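Below are the chains, spelled out letter by letter.
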Amino acid sequence: MEAAFGSGDGDDEATAVVARSQASLGQIFEQKYRPWDGELGPRWMRNYAIFRHHVYGVFTGKGHRQYHPMVRLLILIIFLASLTPIPMLFLSSFIGDQGGFFEKMWGINRYNLWGQVLGYFPRNLCMWPLLTAIVVGGMISDDRQHGTSAIYFSRPISRLDYTAMKYLSVAVILGFVIVFSYFAYYTSAIVFKSEGWAYLADTLPIFLGGMLAGIILVITYTSIGLALSSISRSRFFAAIGFLSIIYGTKLVSLLVELQFETTFMYALSPYDCLAHLGQFLLGIPSNYEHPVSISAVSILAMNSLAVWLLVSRVTSLEVTRE
Amino acid sequence: MTMESQEPPAVLIDQASKWYGQVIGINDLSLAIDGGVTGVLGPNGAGKSTLFKLMMGRIKPSQGSIRLFGVDPWTNTSPYRRVGYVSESEKLYEWMTALDFVSTLARLHGMTREEATERSSHVLDFVGLSDVMHKELGKFSKGMRQRVKIAHALVHDPDLIILDEPLHGCDPLARTSIMSVIREMGEQGKTILVSSHILEEIERITEQIVILHNGRLLAIGNLHAIRDLLDKHPHRILINCEDPRSLAGLFIEEDPIFGVRFPREGQLEIHTNNLSAAHSVLPSIVVKSNQKISSIENPDDNLESLLNYLIKEGQ
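Protein chains in written order, with the working numbering: chain X, 79 to 400; chain B, -16 to 298.
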C-alpha cells in the first residue's frame, strides 16, 4: 500500500519531470481591416496581368506561370538551334567565303529565308511542332484539369479576354523563337557582310514575305494547338493531338501523292499549306500542283475552325471541378 | 436581406435551377440577399456549392436568372470587381509564395504592381499570415491555405464576399481566426455569404441563415424567427429546479404548454407550440412556485435541431 500510494519515507524528496516546452497558445495578431480606396484598373491592365503571367513564366516561375524545367530547356534548345545559321554566317564572313559553300548554304537568298521558317527538316519536322506542342499543351487543359480557370472566371475578366490573352501569350512565345530568330538571321547577315542600303532595299521585300509567312505559321499553329488544349483535360493529349495533326496530315497527303500523283491532298496539311503560301510570298517556284489560293483558303478555314472551337469551348466552359 | 437603397441587391436569384444531367443541383430557387453576414446551411448535396458556383459564373443556370448587383455574371463579369470568392477547394499555385499569389490575383483586378504588393501584404497581415507571406503555398497547412484564399478574396476590397465552407479542415486556431475575420468584415458593412456544415460555428458568426435541402430553399431569415414560425413543431424547455412536480402543476394550467416530462431527477421538460408565449409566462410561474431554479435551456432552439426538423419536414 505504501508503495502503491507513494506515502512513505522518501516521499518528501520525490520529484516529477514536467515537459518544459510550453504549449502553443496560438498567434495573436492585430485584426484591423483597412478598406482600399484605390481605383481598380481598366480592362487592358487586367488582360496584361494574364499575358505577363504566362509569358514571364517562361523565364521565371517566381510569381508567374510555372513551366516544367524540361519545357524551358526544350524552348531554349529549339531557340538556340533556330539561331544556328548566325554562327555560320559569321564563319563565312570571317573566312571571306564569297559565293562559296557557306554563302550558298546560309547566305541571304529567297530559298534560305524560306527555309529558315518553312524548311521541313529540321524546323517543321522537329522544331516548330515540338515547340508548339510543349508550350500549348497545358495552356488551357491545365486550367481545366485543376479548376484553376476559376481563378480567372471569378474576377472581372471575360472568357473572351481570357482566351485572347492565352492565345497572345502562346503566339508571343512561338513568335519569339520563330519570327525573332528569322529576324536575327537576316540582320546578322547584313551586319556580318557589312551590306549597305542597296542590299537592304533589294532583300527587304523577300525578308518581309518570309516574316509574313512566319507570322501566319505562328498564328496557325497557335490556333490549332489552343483549340486542342481547350477540348482536353490533359496537356499530353493536347500536345500529342497537335503533333498527330501536323505529321498525320503530311503523311497521308504524301501517301496520296505517291499513289495518285496529285498534290491536292496537301490542302489538308497545315504545314504544306503554309509552305505553299510561303513559296508564293517569297517568290520561289512551288512544289505543289494545285493553286496557291487553295492553300490560302485552307489556312483561313483551318484558323477559323480552330478559333471557333477554342472560343466556343471556353465561353461555354463550366468549371465544375474543384 | 434588406433592400433599403435604390441599388439592386448584392445577390438576386430568380427561380434558378441547375441540373447536372439527371441530378438536380438547385431547384427553382429564388433569393435576395443584401448586407450583413448570412449563413448558407444544408447537408451535403443540398446545393450550397452549386448556388455559389452559379453566383460566381462558373456554371450556367439551366433555368431562371442570377444577378449580382443587378448584372448577370455569366454574360458580364463586371460585378466581380465587387465580389470576393473563397471556394471550397480551389487549387492554388503551389510554387508561389503567399504574397506572390495574392498580388498576382490582385493584378487580375487591374492593380499596379506597387498597389498589388501593398494591398496583398495588408490582407495577408489581416488574416494573420504576415510572418509566412514569403513562404511557398505548397508548404502551407490547410488552415493557412484557407486564410490565403480569404486574403485573395479580400485583396480588392469587395462589397460581397462569398465563402464556401471556409472552416472546412481547419484547426481550432484557424477556425477562430477565420470566424473573427468574417465577423470583422460583417461589421465593416459588407455582404457576406458563408456556408458551413459545422452548425455551431455558423451560429457563432450569424443569426441570418438560408437553409437548403435537395437544391430547394427550405427557410430564410433569422434563426430564432424561423424557429418560432415552426409552431406545429413542439419546442422543449428544460428547467433544472428543486421540485419539478410542483412546478409542472403550475405550468400545465397555462395555455401555451401542452405537456410536461421529467427526464431526470430535478429536471422538468415542458412542451409548447409557442416558444415566445411560453417564455412570457415562465417568469411569473417561477416566482409563483417560490423555488430555486438553477437553469433554463431551450434544447430545440439551436441550428442543428432546426435543420434536422426542417429537413424532415421537407422530405
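No wet-lab data here; the hints were simulated from the structure. Predicted model, so just to flag it, every value in this text is computed and none were measured. No residue lacks a Cβ here, since even glycine has one placed at the ideal position from N, Cα and C. Check each hint, because a few of them may be wrong.
Claimed, not checked - Which bits of chain X does chain B cover? Going by a derived footprint, with three or more residues having C-beta under 8 Å, they are:
(1) 218 to 230
(2) 246 to 253
Claimed, not checked - To be clear about the criterion: a stretch of chain B counts as covered by chain X if any three or more of its residues have a C-beta under 8 Å from a C-beta of chain X, and this derived list gives those stretches:
(3) 63 to 71
(4) 266 to 277
So, going through the hints one by one against the coordinates:
1. 218 to 230: n = 6 at 8 Å, threshold three: holds.
2. 246 to 253: violated (count 0)
3. 63 to 71: It holds: at least three residues are needed, and the region 63 to 71 of chain B offers 6 whose Cβ sits within less than 8 Å of chain X.
4. 266 to 277: violated (count 0)
Hints 2, 4, counting from the list given before, are not met by this structure.
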